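Student: Protein chains in written order, with the numbering used here: chain A, 1 to 114; chain B, 1001 to 1115.
There's no promise every hint is true.
Restraint ranges, calculated between C-beta atoms of paired labels, are given here [what the hints assert, rightly or not]:
1. Arg15(A) / Ile1060(B): 20 to 28 Å
2. Thr1030(B) / Arg57(A): 34 to 42 Å
3. Gly40(A) / Ala1029(B): 29 to 37 Å
4. Ser1080(B) / Gln17(A): 45 to 53 Å
5. His1082(B) / Gly16(A): 45 to 53 Å
6. Phe69(A) / Gly1016(B): 44 to 52 Å
A few chain A positions that, by computed beta-carbon distances, are all more than 10 Å from chain B [claimed, not checked]:
7. Gly16
8. Arg22
9. Gln44
Everything labelled a hint here was simulated from the structure, so no lab data went into it.
None of these values were measured; they are calculated from a predicted model.
Note that beta-carbon positions come from the ideal geometry of N, C-alpha and C, so glycine has one too.
Here are the chains, one letter per residue:
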Amino acid sequence: DAGVTQSPTHLIKTRGQQVTLRCSPKSGHDTVSWYQQALGQGPQFIFQYYEEEERQRGNFPDRFSGHQFPNYSSELNVNALLLGDSALYLCASTRRTGVIYEQYFGPGTRLTVT
Amino acid sequence: AQSVTQPDIHITVSEGASLELRCNYSYGATPYLFWYVQSPGQGLQLLLKYFSGDTLVQGIKGFEAEFKRSQSSFNLRKPSVHWSDAAEYFCAVGGLDNAGNMLTFGGGTRLMVKP
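Extracted from the complex, chain A is given alone in its bound form (with noise of 0.2 Å):
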C-alpha cells in the first residue's frame, strides 16, 4: 500500500513566479491538507479538500489555492511567489477512525524561492 506521495521533491523559483505542487493520497482516503513548514518551525495549515471542495482554510492569502480530481489527488498553486513562501510544503491524507481523524503526511516538497 502506497502512502502519500508529493512531486516534485523539490523546487526553485524565482519571485513573482507561480508554482503547482502535487499530492497523492493513500489508498482510500478521501480528503487531502495542505501544510507549510517553515524552516525551525511548525507545519502551519493551508488548506483541506473533501469531494473536490475546499472545506476548511487557515490563515494564508488568497494567492495560495488549490484542486482536488475526482480520484482525491491534490495540487497546490502559489501565485506571484514572494521569498517568504521558502518552505517544506506537506501534504497529508486524512482517513477517520471512530471520532477521531488520523492524518497521514508526505516527505513533502521543498520550495526555495530566490
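Use these hints to put chain B onto chain A, whose structure you have.
Tutor: Same frame as chain A, but now just chain B:
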C-alpha cells in the same frame, strides 16, 4: 483559537536514558491531541493520539503520552531512548469542531541522542 507550546527547542539525552518532551496546549474544550515525529528529509509520522478515555496513551516505537487537563499538558515519554529516536518531535492539537481534522502544531523539539 487553539495553540500549542513546546517549551524545549533542543533536548539531548544519553542512549538508554529516559525521555520526556513537554507540550502545553490552549483550547476551550476537550482537544484532540497528537504527537508526530519527523526525521530529516522525511514527512511526519504519527506516534500517538488522544481524544478521550484513559489519559495515558500508548503509541508506536515504545512512546507514551499523558493527558493532564488541569495542566493543559500532553507530555511525551519514553523509558529508554535509542539512537534511532534522534529526530524532531511535534505536538499538535485539533479542534472538536473538526474532529482533529485541522491541526495546529507546536514549534517542535529537536532530540539529540548521545552514545
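Student: Each hint should be assessed against the structure and marked as holding or not.
Tutor: Status of the hints after comparison with the structure:
no.: 1; hint: Arg15(A) / Ile1060(B): 20 to 28 Å; in the structure: violated (41 Å)
no.: 2; hint: Thr1030(B) / Arg57(A): 34 to 42 Å; in the structure: violated (24 Å)
no.: 3; hint: Gly40(A) / Ala1029(B): 29 to 37 Å; in the structure: holds (30 Å)
no.: 4; hint: Ser1080(B) / Gln17(A): 45 to 53 Å; in the structure: holds (49 Å)
no.: 5; hint: His1082(B) / Gly16(A): 45 to 53 Å; in the structure: holds (47 Å)
no.: 6; hint: Phe69(A) / Gly1016(B): 44 to 52 Å; in the structure: holds (49 Å)
no.: 7; hint: Gly16; in the structure: holds (28 Å)
no.: 8; hint: Arg22; in the structure: holds (15 Å)
no.: 9; hint: Gln44; in the structure: violated (7 Å)
Hints 1, 2 and 9 from the earlier list are contradicted by this structure; the remaining hints agree with it.
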